[in-house]
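4 protein chains.
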Amino acid sequence: MRLCEPLAIEDYGVQPMPDASPPKWHLAHTTWFFETFLLKPYLPAYRPFNADFEFLFNSYYNGVGKQFPRGERGNLSRPTVAEVRDYRAHVDAAMETLFGQAEDEAEARSLLGLQHEQQHQELLLTDVKYNFGHNPLHPAYRDDPGRPGSRPAPRLRFIESGGGVREIGTTSNGAFAFDNETPRHRVFLEPHALANRLVTNGEYLAFIEDGGYTRPELWLADGWTRLHSGERWTAPLYWRLKNDCWREYHLTGLTQLDLDAPVIHVSYYEADAYARWAGARLPTEQEWETAAEDLSPEANGGLTQMFGDAWQWTASAYGSYPGYEPLPGALGEYNGKFMSNQMVLRGGSCVTAEDHVRPSYRNFFYPGDRWQFSGIRLARDRDL
Amino acid sequence: MRLCEPLAIEDYGVQPMPDASPPKWHLAHTTWFFETFLLKPYLPAYRPFNADFEFLFNSYYNGVGKQFPRGERGNLSRPTVAEVRDYRAHVDAAMETLFGQAEDEAEARSLLGLQHEQQHQELLLTDVKYNFGHNPLHPAYRDDPGRPGSRPAPRLRFIESGGGVREIGTTSNGAFAFDNETPRHRVFLEPHALANRLVTNGEYLAFIEDGGYTRPELWLADGWTRLHSGERWTAPLYWRLKNDCWREYHLTGLTQLDLDAPVIHVSYYEADAYARWAGARLPTEQEWETAAEDLSPEANGGLTQMFGDAWQWTASAYGSYPGYEPLPGALGEYNGKFMSNQMVLRGGSCVTAEDHVRPSYRNFFYPGDRWQFSGIRLARDRDL
Amino acid sequence: MRLCEPLAIEDYGVQPMPDASPPKWHLAHTTWFFETFLLKPYLPAYRPFNADFEFLFNSYYNGVGKQFPRGERGNLSRPTVAEVRDYRAHVDAAMETLFGQAEDEAEARSLLGLQHEQQHQELLLTDVKYNFGHNPLHPAYRDDPGRPGSRPAPRLRFIESGGGVREIGTTSNGAFAFDNETPRHRVFLEPHALANRLVTNGEYLAFIEDGGYTRPELWLADGWTRLHSGERWTAPLYWRLKNDCWREYHLTGLTQLDLDAPVIHVSYYEADAYARWAGARLPTEQEWETAAEDLSPEANGGLTQMFGDAWQWTASAYGSYPGYEPLPGALGEYNGKFMSNQMVLRGGSCVTAEDHVRPSYRNFFYPGDRWQFSGIRLARDRDL
Amino acid sequence: MRLCEPLAIEDYGVQPMPDASPPKWHLAHTTWFFETFLLKPYLPAYRPFNADFEFLFNSYYNGVGKQFPRGERGNLSRPTVAEVRDYRAHVDAAMETLFGQAEDEAEARSLLGLQHEQQHQELLLTDVKYNFGHNPLHPAYRDDPGRPGSRPAPRLRFIESGGGVREIGTTSNGAFAFDNETPRHRVFLEPHALANRLVTNGEYLAFIEDGGYTRPELWLADGWTRLHSGERWTAPLYWRLKNDCWREYHLTGLTQLDLDAPVIHVSYYEADAYARWAGARLPTEQEWETAAEDLSPEANGGLTQMFGDAWQWTASAYGSYPGYEPLPGALGEYNGKFMSNQMVLRGGSCVTAEDHVRPSYRNFFYPGDRWQFSGIRLARDRDL
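Protein chains in written order, with this note's numbering: chain A, 1 to 384; chain B, 385 to 768; chain C, 769 to 1152; chain D, 1153 to 1536.
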C-alpha cells in the first residue's frame, strides 16, 4: 500500500500491455493469494469478501479454477480502488485471526504468501514504470531525490574461476526458498571468468553506434526476427532520442542518459548480441550462483553489482534441477509449469526488496521481455 | 459533465475494446474540438492548455496532425480526471470570450462543436454500457427508475407507400445539418412498405430458437464469417443466458429480458438475417427518410418508434449524395472520409439527445458493429 | 483447357494469396459446378467421379455442404492435373448424355454453368498473372505478339447527361443475365458527366509524382489505413520500379510502362483517391449503365473503352435492386450473399470473354482488391 | 533424387505450412549450398546457373545475403522441376571439377555439404508426409512393403545409471561432427534411470483416454496455451479418428493404429505431459548421450530403440557447450544462431540416413513442433 501512495486513482487501473498488470490488480491478487491458499483451507469461519473475486483475481492457478483473461485486467474499472482496499483489510483481519491458531503448513504458506507479495511489489513498480514511461506526458512516479552524481564505472575486468565439481541450489539452512531452487545438487563447471561489474549505458551506446542493431551476425535468429517485428527495437526500452540526444525514463522522470550506470531494460536477445559484439558471452546460472556464493559473506574476489542493481540475464534456459519436486496441489503451479521457453535471470534489481534475493534465487522471463529491470554481466571461457 | 456524475474515477479511464473510448477521452476530445477549430484560429490571445493535448486528443483529423493511437486511449492514466476538468474549464472560459467577438464562421463552427458534443454524449453512454456490461460484476450506471411495466407491443403491420420521385436530404430551412445530409436531391422509389414498429426481443428470440444463428442460408457471407470468428455471436450483445433464462444488461443493471421491448445491440448482419428469416428486408435510407418526413409534423400513417427508441439499420451503404461537398479544410474529414464499408442507420436511440435527431440525419457504422443501440425495422416490396 | 496450354504442370497448383486460386482448382471447380447442379439432380444414372471432390471443389455453397478451406487450395498436390483432366472428361461426357434428355430447368442451369465457367476463365488468367507477377523470375504466360505501338490517348473530355428518371437492370429480351441484374427498375439521376475514356498510366503517374500516396486528404479513411498496412502500396499492383524507371508486368512479361494505356490493377481506394485528386469522382453504377445502354448499338456520344479494356470501379456499393429475388436453393448463394462490403465494377477487361459482358453486368470486389484488371473512369456533377 | 522418384510433378511444389518446404526447394537449396560455399569461393572458373537463385534458395544465411521469404516457397511455380534438375546437374558437374583440385578447406566443406544434404533428405520426407497426411485424399508416398506383424513391445523397464563426472560432445576421432557437438567437455550427472524403450502408441492412447489432453496439471503453461490455440491438439499429429477407431497416417497410407509401435509426431509439450502423467520425466541430453556412448559398440545394458526409430525429446534446451565456437563466416549461422527457444532431440528416426546419427548428434526443434518423427523416452531420478 505504501508503494501505491504516489499514485492517482487513475493510475491503479491501466494495463498498457498484457504483461503489465494494473496496480489495483496486484493489490487484489496478492490478497487473493492469502484468501485462497490460507483462509479458505485453514480458517473454517472465513467468509469470502466477494464470490466473484475467486475468478477475477486468480492469476494462473488452474487447480483453483478459471481465470479472468490476463490481457483484460485493465478493463475492470470495478471493483474500485476503495473496494480493493476494503478487500485487503478484510483479508488482513482474517489473517490475524489465523495467525493465532495456525498449523505448520499454514505458517509455511504464509511465508510463501509474503514472498509472493514481495515479488508483486517489484512487479507493481515495474508495471507502473511501463505505464508512465509510455505515456507521452512522461509523469514521474516519485521525486528525484537529487542523486549524487554518478560515479565513474570502474574498469571492466574478468575475475577467473577454476571450475570443477560445485554445488548449487538452496542450502538447507532453514531460510525460505522457492521450490525451483531445490534440490541442492552438484554441477561440473569448466574454468571461466565473470566480469567484475555490469555493462554500462556508455558501453551499450558504443554497441548501438557500432551498428549493433543492424548486424545480423551478432544476433540469435529469433532475436533478429523479433528485432524486426512489432516495435522495432533500436535501443533499450526506456531510452528516448530527442534532438540527437539520448535520454532515459526513470521512475523519477526523463533524465539525461547516465553513461556510467548499468544498462537496464534490455531483452535476453540484446544482452546476448551485446556479449557477442564484446567478444564475450553471458554467464550460465551455475557460474553466476557459485560466484555469488563465494561472495557471501566475506570473500569478495572483486565482483560488484551482484545484487540490487539489475537482474542479470544468464545463458541458462529455465528448467528443473535434478530431483525437483513442485509443491503439492495448486501451489505446484507457482514455478514449475513455466519451465519452458524462458531464461534465468539472477541477482535482483533496484526495485527488488532487499531481503528478497539470495544466491540461489532464480528469476525467469521470456527472452524478448524488456520491461523488467534486466541488465548484462559478461562472462568468458577462461582460455580466451 | 452531468452524464459523468454517476461514474467513479476508475470508470473514466477504461477502454474495453478499441471502439469504446474512455469517458475521460470523450470529455477531453470534445473540448479539444473547440480548442482546435474555434479558439486557435479565431481567438488570437488564446493560450493552449497543454501542448501535448493537440496530439493526445485528436481523434482522426490528419489535417490537424498526428493522432495518439486510437486503441491505446485506455492506457493513459494521465492526465487525470481533475486535469481534464481543468482543461474543460480553461476552454469553456475562452469560448465565452470568443462568443463576445465571434464572426459568422466561428458561430457556425460553434454550432458544429455543440452537435459534435451531443454525438459524444451518446457515445459516452454507449461506451460506459460496454464497459459495465462486460465487467463480470455487472455494475449499474444509474438506478432503475422503477419503469412502468412494459406495454405489449402492437401487432406488426406494414404501412404501404406508393413510390415515385421523392426528395431526401436536409431542407434549406436554416436548421443545423451535417454536410453528409446535403444536398437535398431527388430519388426514385419503387412502391414498398415499412413495418409500423421495431422488431421486439420476443420476435428476435423466436429467430434464435428457430436456429437463426446456425442456418447459413439466412446470412450474408461476410456475416456468416464474422459469426464464426472471435466472440461467436449467439444472441444480441447484452443478452446473458443463465440457468436457461435470458437476461439483458441495461445501464440500470441486469434484468429479465423484456419480450415487448425493441431488440437492440444487433449488428447489420443480424438485422439482415432476421429480416430474411421473417420474409422481409431492411428499408433503404431513402424509404426511411421519406416515411419520416411524411410523419412530421401532422401526418402519421401508423409508423411508431421512428425516433428515440433505437437506431435502425438500413440496407443502404453509407455514401455521398449527388453533388456532395465536404466542409473545407480539416473539418471536411468529419463525415466524408468514412464513406466506404459502413451502413446507414436512421432514427436515434434512447441515449440520443432528443433535439439532435431529424428525418435527414445519417448515422453510420460498420456492419459488424453491435455496441451502438441499434435495432431493426422491417420493410417489404409492396407486391409481396 | 486452352487457356492452360501455356502452363507448366507446376503452375497449376500454386495459390500465392488466398484470393488467387490455383488453375487446377478452377478447372476442377467449374466441372464440380456441372456435376453438382446438373448431373446429380438431373441425370439419375450419374456416378460421381470421386466422392471427396464434392467437398474439395465446393467454393462457397453452404447449401451443398462443407467446403475445403479456401486459403489452402494451393496445398493440394493431389488430385494431379491429369486426374483433374479425367474428371473434366468424365463430367463432359455425362453432360453430353444429359443434353440429350434435358428439361427446361436443366437447360437454364447449363447456361448458368457456362457463364460460370466464363467467369472462371477470367479469374484463371487473373490468378496466373498474380502468380507470375509475384515470382522474382517474372515468367511470361504468353509471348508478346509484338503489339503495335500504343496510340496516344485522346484528350480527356467529359460527356454530359441530362439526368431524370431512367431504367437500369437486365431487359427482358431473353438473353442470359445473373439474378443480381434483376429486376429492371427505375432510378432518378441528377445531371452528370462521364469521362470519354479511362485514366491512363501517364495520368496516374502524375498523381503518384504529386505525392498522391502520401496525402491523407485525398483518401477515404479505410483506404488510408489499408495503404499503411501490409504491403504498403505506392503504385498499382504490377508496377515495378527499377533504377528510377517504372516497368509493368503483363502476361507477356515485364515491359516499359505504357503511359497511354489505361491504368489497371488499382483498388477502389486508389481509384477514389485519384478521382479526388483530379477534381472529379467515380461514376455510380446507375450513371455507368445508362450511359452504356445509350451506347448500344448505334448512339455513341463519344464514350470509349466501356467494354474490354478494364473493369471500372463505380461509387456504388454492391447491393440488391428493389424487388430482387435470388435463385432458389443453393444457387441462390451465387450472387446474393455477397451484397455487403463490396463495390460494383462495370465494363469488362481484356481478359473477359467478349460475349460475356453487357451494360447491366455487375461485377463486385472488395474496395481493397487489386488483382483484378480494374481501372478508373472519372465522372462529374454537371454544374462543375 | 531417388527419394523424389515416387512424387508427381505436382508434389514438388507445395508448402502446406511454413515449416514444410516444397521438395523442389530442398533439391535446389542443397545444390545452392554447394554452389555458394564451395564453387563460388573455390572454383574460379565457375559460372552461376542463374543469378536469381542466390536469393531464391538461400535459407537463412544473412552472411550470404537476403532470402526469399520462407513462408512463400510454395508460391514459386518457377523454376520448374526440370529446371531445378538442370541446376543440380550443372552444380554436380562443377563439383566434380572442384574435387580434382580441392584444398583442405574445400574438402571439409564438401563433407559438410553432404551432411547438409542428408539432413534435407530427412526433411524432404518429413515434409512430404505433412503434405500427403493433410490432404483429404491421404495419398501414399510409397507402397506398404507388407510389414511383418508388429512385435509386442517389451515390458517397460528403467535402466539405472550411477551418475558422476562424465564427458559428452564429439570425440576427436576424426569423424565428422557439427560445430554444436563441440567441444567435448565434462558434466556432472546425478544418479538416474532411462527407460529401456520408447513409449508406444498403446501407452499414449491410455494417456489420451485418461483425459491427458484435458488436465491442466499435466502440462507446462505454454503447452496448455498451445493446446488451446490454432489446431486444438487431441492426439499425435497423424492420428485420425473415424467411427471411434484410431488410424494413423504413414508414408505408406492410412492404417490401423499399431499399439506396439513407438508413438511419433508428438511435440515436446505432449512428451513432457505424458511423462508427468506416467510419473516420470524426460531425459536430459547429457543423460541420453552418456547412455548412448555406453551402448556403443559392445556394452548394451538393455537400452533399445536409441537410433533409427524416433527422435527423442530431451528435457534440455538447445544451447552452446562450454567453449563452443561456431564455424567462421556465414557457415557459422548453420547451428549457432538457433540456440534459443528450442529443445534438443536425440537419436534419429526411421527417415534419418543410417550413417548420419551418432551419440553426440544434437537435433533441435521448437517445443510445439510436431511434424518431425519425434517420440518419447522416459527417464527417472534414481531414488524414485
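Because the hints were derived from the structure by calculation, they are not lab data.
Every value quoted in this text rests on a predicted model; they were computed, and no experiment measured them.
Where hints are given, some of them may not hold.
Claimed, not checked - Listed next, the stretches of chain B that the computed footprint assigns to chain C, with coverage defined by at least 3 CB atoms under 8 Å from CB atoms of chain C: (1) 517–523; (2) 638–650; (3) 701–713; (4) 729–735.
To be verified - Stretch-level coverage of chain A by chain D, calculated; a stretch enters the list once three of its residues show a Cβ under 8 Å from a Cβ in chain D: (5) 202–214; (6) 220–232; (7) 368–381.
A virtual CB, placed ideally from N, CA and C, is assigned to each residue, including glycine.
Going down the list of hints, with the structure as the test:
With 0 residues carrying a beta carbon less than 8 Å from a beta carbon of chain C, the segment 517–523 of chain B misses the three-residue requirement, and the given coverage is violated. With a threshold of 8 Å between beta carbons, the proposed coverage of the segment 638–650 of chain B by chain C is violated, since 0 of its residues qualify and at least three are required. With 5 residues having a beta carbon nearer than 8 Å to a beta carbon of chain C, the segment 701–713 of chain B meets the requirement of three or more and the stated coverage holds. Counting residues of the segment 729–735 of chain B whose beta carbon lies closer than 8 Å to any beta carbon of chain C gives 0, which falls short of the minimum of three for the stated coverage.
Counting residues of the segment 202–214 of chain A whose CB lies closer than 8 Å to any CB of chain D gives 0, so the stated coverage by that chain is violated, three being the minimum. Closer than 8 Å: that is the beta-carbon criterion, and the segment 220–232 of chain A has 5 residues meeting it against chain D, so the requirement of 3 holds. Here the segment 368–381 of chain A counts 1 residues with a CB under 8 Å from a CB of chain D, which misses the bar of 3, and the coverage is violated.
Checked against the numbered hints above, the structure breaks hints 1, 2, 4, 5, 7 and satisfies the rest.
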